[in-house]
Amino acid sequence: MLRIVAIFLVLTCTGCTSMGVQPWEREILAKEEMQLTVDPLEAATDDHIYFSKEASSGGRGFGGGGCGCN
Amino acid sequence: MKAFTRKHERSVSATLAAATCALLGTTAVTPVDAQEEPEWDFNTSLLYYGEDEGRVQDASFKSIIRRLYTDDRTLSLGFTVDALTGATPSGAIRQDGPQSFTRPSGSSSYTEPAGELPLDDTFRDTRVAITAGWQQPAGEKGLLSVGASVSKEYDYLHTGVNASYAHDFNNRNTTVSAGFAFANDSIEPVGGAPIPFTNMLDVDDTSNRVGDQDKDVLDLVFGVSQVVSKNLLIQANYSLSQSDGYLNNPYKVLSLVDGVTGDTLPRTPGPNGGPSGQYLFESRPDERTQHSLYTQAKYYMNGKVLDASYRYMTDDWEIDSHTLDVRYRIPIGDASYLEPHIRYYTQSEAEFYRLSLDGSSPLPQYASSDYRLGNFDGITAGLKYGWKTRNDNDMSLRVEWYQQSGTVPVVQLIGNQAARDNYPDLNALIVQFSYRFSR
Amino acid sequence: MPQARPGRQVQLAATEHGWAGRFEAMGSPCEVLTDGGNKREVHAVVSSVAEEAWRIEDKFSRYLDGNIIHRINTANGQAVEVDAETAGLIDFAVTLFDLSGGRFDITSGVLRGAWTFDGSDNIPDQASIDALMQRIGWQHATWHESHLTLLPGMEVDLGGIGKEYAVDRCARVAQEGAGFASMVNFGGDLAVTGPPGNRRAWKIGIEGPTPEAAERLVDLRQGALATSGDARRYLERDGVRYSHILDPTTGWPVPDAPSSITVAADTCTQAGMLSTLAMLHGRDAEPFLADQGVLYWCRP
Chain A
1 MLRIVAIFLV LTCTGCTSMG VQPWEREILA KEEMQLTVDP LEAATDDHIY
51 FSKEASSGGR GFGGGGCGCN
Chain L
1 MKAFTRKHER SVSATLAAAT CALLGTTAVT PVDAQEEPEW DFNTSLLYYG
51 EDEGRVQDAS FKSIIRRLYT DDRTLSLGFT VDALTGATPS GAIRQDGPQS
101 FTRPSGSSSY TEPAGELPLD DTFRDTRVAI TAGWQQPAGE KGLLSVGASV
151 SKEYDYLHTG VNASYAHDFN NRNTTVSAGF AFANDSIEPV GGAPIPFTNM
201 LDVDDTSNRV GDQDKDVLDL VFGVSQVVSK NLLIQANYSL SQSDGYLNNP
251 YKVLSLVDGV TGDTLPRTPG PNGGPSGQYL FESRPDERTQ HSLYTQAKYY
301 MNGKVLDASY RYMTDDWEID SHTLDVRYRI PIGDASYLEP HIRYYTQSEA
351 EFYRLSLDGS SPLPQYASSD YRLGNFDGIT AGLKYGWKTR NDNDMSLRVE
401 WYQQSGTVPV VQLIGNQAAR DNYPDLNALI VQFSYRFSR
Chain D
1 MPQARPGRQV QLAATEHGWA GRFEAMGSPC EVLTDGGNKR EVHAVVSSVA
51 EEAWRIEDKF SRYLDGNIIH RINTANGQAV EVDAETAGLI DFAVTLFDLS
101 GGRFDITSGV LRGAWTFDGS DNIPDQASID ALMQRIGWQH ATWHESHLTL
151 LPGMEVDLGG IGKEYAVDRC ARVAQEGAGF ASMVNFGGDL AVTGPPGNRR
201 AWKIGIEGPT PEAAERLVDL RQGALATSGD ARRYLERDGV RYSHILDPTT
251 GWPVPDAPSS ITVAADTCTQ AGMLSTLAML HGRDAEPFLA DQGVLYWCRP
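Residue numbers (my numbering), protein chains in the order written: chain A, 1 to 70; chain L, 1 to 439; chain D, 1 to 300.
If you are wondering where the hints come from, they were derived from the structure by calculation, not from laboratory data.
Careful, some of the hints might be misleading.
Unchecked claim - Computed footprint of chain A on chain L, listed as stretches where at least three residues anywhere in the stretch have a Cβ under 8 Å from a Cβ of chain A:
#1 99-110
#2 224-230
#3 370-380
Unchecked claim - Cut-off 30 Å, straight-line C-alpha distance, at most; resulting in silico cross-link-like pairs (BS3-like, lysine-lysine):
#4 A/Lys31 x L/Lys384
#5 L/Lys215 x A/Lys31
#6 L/Lys388 x L/Lys304
#7 L/Lys388 x A/Lys31
#8 L/Lys230 x L/Lys384
#9 L/Lys215 x L/Lys384
#10 L/Lys388 x D/Lys39
#11 D/Lys203 x D/Lys39
#12 D/Lys203 x L/Lys230
#13 L/Lys141 x D/Lys39
#14 L/Lys230 x L/Lys141
#15 A/Lys31 x D/Lys59
#16 A/Lys31 x L/Lys304
#17 D/Lys203 x L/Lys141
#18 D/Lys203 x L/Lys304
#19 L/Lys304 x L/Lys384
#20 L/Lys304 x L/Lys230
#21 L/Lys230 x L/Lys152
#22 L/Lys230 x D/Lys59
#23 L/Lys152 x A/Lys31
Every residue, glycine too, gets a C-beta built ideally from N, C-alpha and C.
Use the sequences and the hints to build the structure in full.
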């Protein structure tokens with residue numbers, strides 16, 4: 001499992017050095033709706049709901065802590 | 001001192017704009033894009049979560065307040081209050097006749113009508129959670145974050161710390177990040193933690209209870225995000241989560257059943273009340289290692305934004321899960337948007353998941369009938385509507401429907417169980433209203 | 001070529017995000033901040049910007065003999081033919097004269113002879129103001145087909161437009177052919193050629209509402225900022241504060257004007273003119289700016 005993960009991350013990184021945009025092409029990426037987490041409150045709410053009702057948690061990151069609901 | 005924009009009559013501005021174009025010899029000018037950096041950011045929401053059939057209902061108030069300092073330093077404080085009511089499946093299976101159970105507190109009992117899914121309704125609680133975080137740049141390309149969290153319910157205390165570091169490469173086109181979170185949680189079950197695999201006892205009999213328990217959870221996350229084009233951003237994360245300590249749910253039981261009929265082995269309750277059958281408290285391993293791979297893409301198409309993510313999780317309890325989450329944001333005018341959302345989740349059961357325990361066979365090493373460790377699919381479908389108020393603040397309302405439907409592995413069904421609806425399927429309504437403003 | 005003078009040098013220094021080219025022009029410290037770029041390319045761009053700034057300064061300065069402003073101001077009632085660039089600026093000044101109801105007037109510069117805003121209580125006497133008022137009034141000038149005729153004793157001063165105009169012209173110079181974004185800042189009147197690459201926006205600090213209040217930060221990705229007014233230039237007598245914005249229709253400072261106004265707009269010229277027009281509205285400065293739908297900061 002760890003081997004697959006390592007290969008995955010290396011492939012992602014080496015493919016990255018040539019990709020991207022010039023500084024003056026970032027107008028769309030700067031928009032609020034293009035951020036990876038647009039609404040942190042909604043994301044935290046969903047993370048908590050699904051943590052309480054399913055066996056998987058997080059993935060995006062972490063923060064906020066546990067509860068006695070699982 | 002005020003700084004805000006309004007769309008009113010612009011006769012002076014328009015004349016001035018035209019005169020400036022004539023002066024500078026240009027035909028068109030790119031419009032100005034300026035924003036005062038706010039000092040404060042308030043993000044607040046009210047949430048209602050309600051399952052049907054008398055199960056869990058939650059009303060929650062959540063707020064994150066951020067103080068923004070110069071040089072991109074941010075202090076954030078979060079506060080959440082949850083008021084929970086309703087009942088949750090106790091883990092015992094349906095029977096053709098009525099059943100009675102002792103409440104987790106041990107001080108009274110409750111009955112479940114014939115044919116009904118046994119639900120434990122002592123699940124009334126208020127939970128308070130507080131988080132604090134600090135973020136600051138580290139050098140020209142780095143960002144450092146540290147934080148702490150605390151939450152308290154009547155039977156549970158969580159304390160945790162976290163830290164992460166992100167670094168930009170390639171003209172900010174690539175960002176690599178690493179982080180960890182460590183939590184120590186202590187569980188003080190009402191009535192005391194029951195010894196695993198012992199029977200549920202009569203009212204006022206707490207001889208199989210021991211004291212408080214605790215567990216540690218360590219999370220590690222490594223991630224990469226990459227700008228692919230002007231319109232496309234992708235992210236990939238690998239997480240590792242290691243839990244050690246008391247991982248049982250102290251309130252959940254399994255029905256001990258007859259090896260032929262599959263019906264719960266009967267028991268005579270005591271004079272003050274007690275269980276009408278043999279129910280054993282669940283037993284889970286005291287260790288769990290989870291791996292997750294998460295990828296996300298954000299794609300901008302002519303004003304609309306598609307947000308799609310996929311997560312794969314696997315752990316040493318033999319649970320595998322896949323999550324696919326898609327949101328599509330559609331702007332309406334320039335002050336509001338509509339965002340449909342669909343999420344598909346599927347998981348396979350834990351190695352020790354059992355619908356019930358066969359009284360005629362030796363007990364397995366671990367067992368739990370918690371539906372959250374079973375084999376099920378979950379679908380969420382929702383719609384969110386967001387708008388900007390006249391003061392340039394953000395409001396949104398989302399309504400979602402979450403449905404879980406599961407199956408028990410056929411090999412686990414014994415006798416009469418095969419004819420019953422065993423899996424406690426879930427239907428929940430989620431309504432959340434949010435208000436966000438900066439000053 | 002602009003006049004070479006002692007003090008007319010360009011200095012280049014590396015910054016956290018790129019380069020800073022600095023020089024003196026129009027009585028202000030001028031800088032060109034770049035987002036990246038290699039040293040040779042940046043030096044060439046900054047030199048071109050400085051040359052354009054000095055060209056404009058020399059052409060329209062009221063201190064230099066022989067330039068177009070000097071010829072207009074010493075024509076003693078004769079018509080003077082002006083070139084296309086000067087005509088453009090005069091046409092622009094006419095538009096502002098009309099938009100402001102006569103309170104933006106390029107012939108009002110002579111009032112500086114009576115008023116010195118040094119924080120003292122030296123209010124000039126009405127007689128000296130009246131004497132200067134005889135020499136003011138665009139309505140007395142004749143402007144027709146590139147020929148400008150002033151009454152004897154009148155002078156034009158393009159100082160109220162010149163710096164912002166220079167910023168916009170220099171921003172165009174900085175943008176053409178450069179592989180990097182830059183910000184042209186002439187003593188607080190500034191414009192950017194585009195968003196910087198390595199950060200979300202250019203960050204500009206502006207003074208808070210009071211001297212003790214903290215600085216606010218503005219994220220500028222496109223456009224310009226200009227500031228009118230100066231919190232340090234005023235007169236005060238008998239508890240009444242006189243700001244340094246003079247109303248050419250009265251010869252006195254505009255009453256109850258804010259001490260300074262900063263405006264964000266598409267170009268530095270627009271930002272500067274909006275902040276000036278707002279100042280001339282005195283106590284109605286904020287409602288005026290709110291009506292125009294621009295981002296602004298008013299310091300009372």
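Going down the list of hints, with the structure as the test:
no., hint, in the structure
1, 99-110, "violated (count 0)"
2, 224-230, "holds (count 7)"
3, 370-380, "holds (count 3)"
4, A/Lys31 x L/Lys384, "holds, 19 Å"
5, L/Lys215 x A/Lys31, "violated, 41 Å"
6, L/Lys388 x L/Lys304, "holds, 17 Å"
7, L/Lys388 x A/Lys31, "holds, 15 Å"
8, L/Lys230 x L/Lys384, "holds, 26 Å"
9, L/Lys215 x L/Lys384, "violated, 37 Å"
10, L/Lys388 x D/Lys39, "violated, 44 Å"
11, D/Lys203 x D/Lys39, "holds, 22 Å"
12, D/Lys203 x L/Lys230, "holds, 23 Å"
13, L/Lys141 x D/Lys39, "holds, 21 Å"
14, L/Lys230 x L/Lys141, "holds, 21 Å"
15, A/Lys31 x D/Lys59, "violated, 43 Å"
16, A/Lys31 x L/Lys304, "holds, 12 Å"
17, D/Lys203 x L/Lys141, "holds, 16 Å"
18, D/Lys203 x L/Lys304, "holds, 29 Å"
19, L/Lys304 x L/Lys384, "holds, 14 Å"
20, L/Lys304 x L/Lys230, "holds, 14 Å"
21, L/Lys230 x L/Lys152, "violated, 45 Å"
22, L/Lys230 x D/Lys59, "violated, 43 Å"
23, L/Lys152 x A/Lys31, "violated, 37 Å"
Checked against the numbered hints above, the structure breaks hints 1, 5, 9, 10, 15, 21, 22, 23 and satisfies the rest.
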